[in-house]
Amino acid sequence: MKKILIAFFALWMAQGSIAQSKTLYIDPSKTIGAPASKLFDDMQFIPLQTTKKCIFGAIRQLVVTRDYFIILDTDTNAIYFFTKTGTFVYKYKIKRFRIQNIQLDHEKNALLIFSLNKNYNVPSVRIQSFLEEDSKKDVSKYVKATYFFLRNVPAAKTQDIKDFRYAFTNPVLFDGNKFATSFIKAQKNNRDTLDYQLKIINSKKLLQTYLPYNKQSESIFYFSGAAQCTIMPTHSDSVLFITRPFRYEIYTLTPTELKENYKLILPIDNAVPASFFTQDFKSRGDMDTYKMDHSSYASQIDNVIQFRNLLFFNLRLFNGYNRYVFDNKLELIYDYNKISSDSSTCYLPLYGTTIKGFDKQYIYLSLPAKSVLNSKAGIQNRTPQCTNPVLNKFLENAREADNPVIIQLKPKEDL
Amino acid sequence: MRKLFLSLLILLPVLLFAQKGVVKGIVEDSVHRFALQSATVTIYKKADSALINYQITNNQGEFNIGDLPLGTLLLVSVSYTGYLDFSRELRLDSLKQLHDFKKISLLRDTAKHLEEVIVKAVVPVKMNGDTLEINPGAFKMDSSAVVEDMLLRVPGVTMWSDGTITVNGKKVNNVYVDGKAFFGNNPELATQNLPKNAIEKIQVYKEKDYSKQDLTNTDLDSTVTMNIKLRPDKKKGYFGKVSAGIGSDNRYEGDLSLQLYDKKNKIGIAGNLNNTNKTVQSVQEAMQNNTFHSYNRRNFGTPNASMNGLNTVHYFGAYAQHSFNETTNSRFDNSLNGDYSWRESNGNITRNSTTIQQNVPDVDPAAAPFKLTTYNNQHNLSNTLDQSVNTGYNNRKRATSLSLNASYNWSNGNTASNSVTHAFKNDTTAASNGTSSTVAQSRSNNLNVNGYFNNNDYDEGINKKSFSTNYSISYGSSQSDSKKLTDFESLVGRVYEEKYDRKYHNDNSNFTTNLGLSYNGLRSLLFGSYNFWNINIGLRNNFRYNKSDLNAIVSDRDTLTNTYKINDTLTNNNSVVNIENRPGISFFKTVSKFLSDRYYKSLTARVDLQDQIVFQKNTSTLSYRNIERNYSFFTPAASLYYSYNRFNKYNLNIGLNQSSSATAPTIDQLYPIVDSSNKYNIVKGNPYLKSAFGNNYNLSANYNTQKFNEKNTYTASLNLGYSNTRNAISDSSFILPNGGRRSSLINVDNRTSYNASLNGSASYRINKNMIQVRYNGGYNTTSSYQYLNTYKTPFTNENINNSLNLFYSAQEIFNITIGESLTNTNTITTDTVGQKHPLKSKTYSTRANFNLTVPKNFMLSSNINYLNNISATNQSVKATIWNASVTYRFLKMKTAEVKFSVFDILHQNKNIDNFANNNMVRTTISNGLQQFYMLSLTYYPRKFGGKEKGGRRNSGQGQGGIAPSSAPKGMRGMGGGQGRFRH
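Those protein sequence lines, which keep their order, are chains A and B. Going by the numbering used here, the first sequence opens with residue 1, and the numbers climb by one from there. Going by the numbering used here, the second sequence opens with residue 1, and the numbers climb by one from there.
Simulated from the structure, these hints should not be mistaken for laboratory data. In this text, a Cβ means the ideal position worked out from N, Cα and C, and glycines have one as well. A hint or two may mislead.
Non-contacting residues of chain B with respect to chain A, defined by C-beta distances greater than 12 angstroms in every case (computed) [as the list claims (entries may be wrong)]:
id : residue
1  : H32
2  : Q37
3  : T327
4  : L595
Computed beta-carbon distance windows for the label pairs [what the hints assert, rightly or not]:
id : chain 1 : residue 1 : chain 2 : residue 2 : range
5  : B       : V591      : A       : E260      : 45 to 51 angstroms
6  : B       : L95       : A       : K410      : 46 to 52 angstroms
7  : B       : N696      : A       : N392      : 55 to 61 angstroms
8  : B       : Y703      : A       : N214      : 53 to 59 angstroms
9  : B       : Y775      : A       : T51       : 54 to 60 angstroms
10 : A       : K410      : B       : N719      : 54 to 60 angstroms
Just chain A, with the same shape it has in the complex:
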C-alpha cells in the first residue's frame, strides 16, 4: 500500500514536471494577505505540559507521529516527547553531545538523531576533509547518528550508526535507506576542483551527485556556514524538495532525477545579480560587508511544504525573512505574514510564526505562552467569542514562563 502511495505521489509530482516548471513572480513589497479563515478550516490549540523536569525554550524542530509530538529544543539541548494532547511523556538527552537535527524514519519507526560532541569545535575545513572519499579518520568521537526507537518511548531504546561521517551535514532520509545531503565549501588550496552541491549517499558510500560547483574558485562558498542546499521532506519518503543557496528555484528530488518545479522571479532590488557569483570575496569580512550593503537581496528559499494546492515557502533575505503561500489553483501568492488571525484561529497572534511541522492533514505552528497571554484581552473581547475550551482554559490558568504551545491548522480541502 505504501509503495502504491509513493508511486502515486511521484506520478503527481511528475505530472507537474512534465509541464515546464512554474514561474512565480514575487514582489515582496506588493503582496496581499488574507484572513486565516480563507485558508484554514480548523484550528486546535495544544498546550504542552510544563513541569519542573519538562520546561524548554522554543520548538527548533517538530516531528509529528501518529502518537507523539517530538520536539527538539536547542536551548536545553534535549528532545521532548508529548502525547498528541500535549501530555509530557519523556525527555531525552545525549550525554556530552549537542543535538543538531531530528527526523522520522518511518520504516524503522524510529527517530534519527544527529548530534555533535560538545567538547570539540570542528572547523568546516576539517569536516570537508573527513568527507573525502579516501578519508580513513574515525569520526565517532566528534559526531553521532542515533536511532531512538518509538515503539516504547519511555524505554528509550537506541542504536548508533557507526562511524557515519555524513552525520556532520545533517543528511535527510530519502527513499528507504538512503540520504540526501549537502556540504558546500570552497577553498583556494583544495587539491581538486570539482564537487557537488547535492549528494545521495547511504551510510557507507556516495551513490549519486547533482549540481556541480568549482571548489577552488567559487568564492561565494569560501566561508564557514556560507551556504548549503536546503533539503526538505515531503509527504512521501521518496520525494524531497531541494533549494540552492543564492538561487530561486525549487527542485524535487526523486530516486531517478532532480527536477526544477518552481522558479521565483524577484525584483532587481531583491535578487542577487550575476556579478555576485563572479565577485572575488577575499575574506568573510568582505562577504559580510556585501550582505550588509545589500540586505534586501534574497539568499535562499526554505521551509517548502506542499499541501494539496497550497505551497508554503520562506524567502530568506541577507537580513530578514519573508514567508509566502502560493495557491496553485487560483495562481495567487499570499504574504504569509499578512494572513490575519480571525475567529477561525481565535484571534491568536500568528503573525511571524513559521511552520514547525506537518503531517498528512495538518500544519503545525508554535507560539510562546507569553505571546498567547499577552493577547488575552484581544482574544476574549472579540465577537464572535472564542469557544475553544482548551484555549480558554489556558488563558485562565497558564503562566508566562510555561512551555510554548502548538497550533494545529487544517488547510482547506477545496483549495
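Please build the complex by placing chain B on the supplied structure of chain A, with the hints as guidance.
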C-alpha cells in the same frame, strides 16, 4: 528655601493629570478583509496639526489610543504602505470620551505612482528587524529644534540629566552620525547642533563590541549604538557660534566656533577668551561649550563657580578629520584626524587652610600629648602657555582594527607663590612661624607615539589568529629654574630662626616605551578542535622600559659674600632606569543558559596568573644613590561575573573580582635627596623599605529595567570594595612642638580600606513631562597606623557622601534640577592609652537650577548653590552662590541671541574643601570669582545642505518618511527581547 523648592517639585506633576479621551478600532484591507498590522494611526490637533499621540496597529490590526484631550477638534489619520490614507475629524467630550471606529477599511492605492513605492506613513518609532528606528518627520516641532529636543519626546528614550542616553533601559555607548563619530566622541556635538529637520532617521541597535580583548561570544560582548542618519540633501553643512560679552569688574568672554562637514570631511575651529573661570582644555571641549541647543542642562561653558582662584584663559583650537570612504556603516572606519590647541592661562589663587593634627605625643615622654593647629595662607600667581598637535589614523574593519596616533605638546610656564604659616600648640601657644616665596620658570616638550592593532578572528569562534598588540613611545624633556626664599622661626622648645635663599636649575628628560601583546588562540593552537571544556586560554605580556635623567644644580646664597654657591648635597646628576615585564596567562570560561522568550543567564569565571618582574637601576653623582635592584612578584587575579536578563523586564549583573599588585619603592623613597628648606615637612628615606603588596576585592551589582517603549526606567547599582596592603608605606614622624615635622618612611604590616557606593535612579514620563530622581551614596574608609614621636598611632580616615537630585522637565519649556548633598570627612586617631579622638568636618550643599523658555524665544535661567561647611573646630562657613541670566533669541531660525547674566548676586562665592589623612584634617578656603554683570551677544551661523526648495514648509510632520533600509547585520535585540548574537 529648600522646602519651597521641594514643594514646588511635588506640586508640578499634580497639574498634569486631567480627564482624557480614547479612540479605538481595527484597520483592515477593504477587499481581502485581512487585518493590517503595523498601520500607523496618528492623532493631530486639527487647529495647528500638532501631533498629539500615535500608535502602530497590533497583529490583529487593532489600535487603542488614550491620553487625548477633550473638547478639542482632532484629526485621526490612518496610513499604510500601498493604501490610500484614511482621515476623519472628531471631537471627544466628557459625555463621549470613547470613540470606537469598529472597522476602518483601507483601499489599495492602485494608481501608477505606487510603482515608485511612495511611503506615506509617518511612524514615530518602529522596529526594523532588530533595529529601533526613530523618524523625526513624526514629531512636529519648532523649525529650529535640534535632535536632542526631539529625543526628549521619543517614547522609550531617556535623556538623563547627566548626559547619559538610555533606550528602553539600555545605555547608549556610541552616538554616530552616518556611521562615524561626529567631531570626536561627545554625542552632544551631534544631538545639540544638528537640526531635527536634517535627519532622515535615528537607528538604535545592539552590536558586538570587537574592541573588547576577551570576547566571550555571549551577550556580555554587546554595546548599544545610536546612529543618526542625515537626509541625503543634508550630508554637508556648517554650524558655529560667534559670541562676545562684556561685564562689570572688567570681566569679558568671547567664543568662536565653526564646524564644517560633508560626507568625508569634518573641519572645526574653536576659540575662547575669558576671565570668568570658564575652563577650556581641548578643542572638543571648546566645541562642546558652543552648541546651538537653546538651553544647556549641564551648564557647559558657564563660569565655573567652584573653580579655585581667578583665572583667565585664551584658547584657540582646530580639528580636522578625513574619511577615506563614504560608508555609513559604523563597523568600518578608515580615517585620518588631527587637532591643534593653543592655550594661554593666568591664575591668581589665594588659599587659607587650617590643619589640625590630633593628639600628638610629645617628644618628651614626661610631657602631655598636644594638639597642633596650623594656619597657612598661600598666594599663587601663574602663567602658562601650552600648545599641542595630535594626529591619528584609524582603520577598522569588522573584526580588525588599527590605530596609529602621534602627539606633540610643548609648554612654558611661570609661577610665583608666597606662603605664610603660623602653628599653634594646643590652640593658644604660638609654636612657630614660617614664610616661603618661590618664583619659577619652566619649559617642557613631549612627544608621544602610540597605536594598537587588534585582530578578532571570528570566522569559527576564537581561534588561532586572534591577537591584539599595543605600543607606545614617549619622550619628554623639561627645564625649570626656580628661586625659593624660606624663613622658619621656632618659638617653643629650641628657639631659633633658619633662613634659606636657594636657587634650583633642573634639566629633566624622560623616555618610556611600552609594548603589550595578547594572544587568545592558545587553546586552538594546543588542542586543535578539542575545546578544553570550553575554557579559553589567553597569553599576554606587557613590557615597559623607562629612563629618566635629571641634572639638578642647586645653589644657596652665601650671606657673607652675597653670592650663590653650589650646594653639594642637593646638586646632582641622576639617571634612573625602570624595566618591567608582566607575563601572564589567563583562563576564562562562560556558562550560559537561555530559554527563548524568558531569560538569558550567564556566569563567566576568569583567572589571571601573572608575574611582575621589575629591574631598577639608579646612577647618580651622589654615591649613596647608586643602586641596582630586582624584584619579582606573583600578582594573580580572578573574577566571577553573573548576568541575568529577564526578557523585556529587567537586567541584573553581579560581578566579584580579586586583583593584586605590587609597588616597588622608588629611589626617592629609598635614598631621597633631603631638602631641608621646608621645616614643616622634611622627609627622609629608608633604604630597607620593602615593596608594598596590595590585594583588592570588589563586589558590584547593577540592576536596570528593560522594557520596550516603557515610560518609566529604573536603575540601581551597588559597589563594595575591600583592599589590604601588606608592607604599606607609612611614616615614622617626629612632630616638634614648634610644628616642624621630620618623617622617615617605614613599612607597616597592613593598611586596610573599605569602600561602598550605592546609586539609584528613576525616570518617569507623564505625558510630555519628565521626572528623574537620582541618589548617589558613597563611603570610603582607610585604617592603618604611623609612628608619631616613636609612639604607634593608629588612625582611620573616613569619607561619606550622600546626594539626592531631582530633575523635572516640561519638554523644552521648563526644567528644574534640585539637589542636596552632604559630605563628611573624618579622621579618628587612637592615642597611646587607646582612647579615640575623632576630628570631623562636613559640608552641606543645596543646589537648584532652572530654565524657563516662556515667553517664546526668551529664556530665564538661574542656579543657586547654598554651602555650609562645618570644620573640625566646629566653625561654620556659609555661602550662597546665586547666578541668573535672561536670554532672548531672535532672527530666523533663532540664530541670534542676546544675554544678560549676573554671577554671584549675593557676593558670597568661595570654595571650601576638606581633606583628611593620617591623624590630621585640613579645611581649605580659596578665593573664587566674585559678583559681576555681563551682557553678551551671540550669532549662530548655520546651514545644512544646499538651497532648500520649499523644504522649510515641511519642517514639521511629513518629512523623512521611512527608508526601507536597516542597520548592519550581526546586531540584535533593541526590542528588549532575545539579545543573542548569531554569526
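Here is what the structure says about each hint:
Not every C-beta of chain A lies more than 12 angstroms from that of H32 of chain B, the closest at about 5 angstroms, which undercuts listing it as non-interface. Against the 12 angstroms criterion, Q37 of chain B falls within the reach of chain A, whose nearest CB is about 6 angstroms from its own CB. For T327 of chain B, the shortest C-beta to C-beta distance to chain A comes to about 8 angstroms, within the 12 angstroms cut-off, and the non-interface label is violated. Distance check for L595 of chain B against chain A: the nearest CB is about 4 angstroms away, which does not clear 12 angstroms, and the non-interface claim fails.
The supplied range of 45 to 51 angstroms is met by V591 of chain B and E260 of chain A, whose beta-carbon atoms lie about 47 angstroms from each other. For the pair L95 of chain B and K410 of chain A, the supplied restraint of 46 to 52 angstroms holds, since their beta-carbon distance comes to about 48 angstroms. Checking the proposed 55 to 61 angstroms range against N696 of chain B and N392 of chain A shows it holds: the Cβ atoms sit about 59 angstroms from each other. Look at Y703 of chain B against N214 of chain A: about 55 angstroms separates their beta carbons, and that is inside 53 to 59 angstroms.
Taken as a hint, the range 54 to 60 angstroms is violated for the pair Y775 of chain B and T51 of chain A, whose Cβ atoms sit roughly 43 angstroms apart. Range check, K410 of chain A to N719 of chain B: Cβ separation about 59 angstroms, and the 54 to 60 angstroms hint holds.
Checked against the numbered hints listed earlier, the structure breaks hints 1, 2, 3, 4 and 9; every other hint is satisfied.
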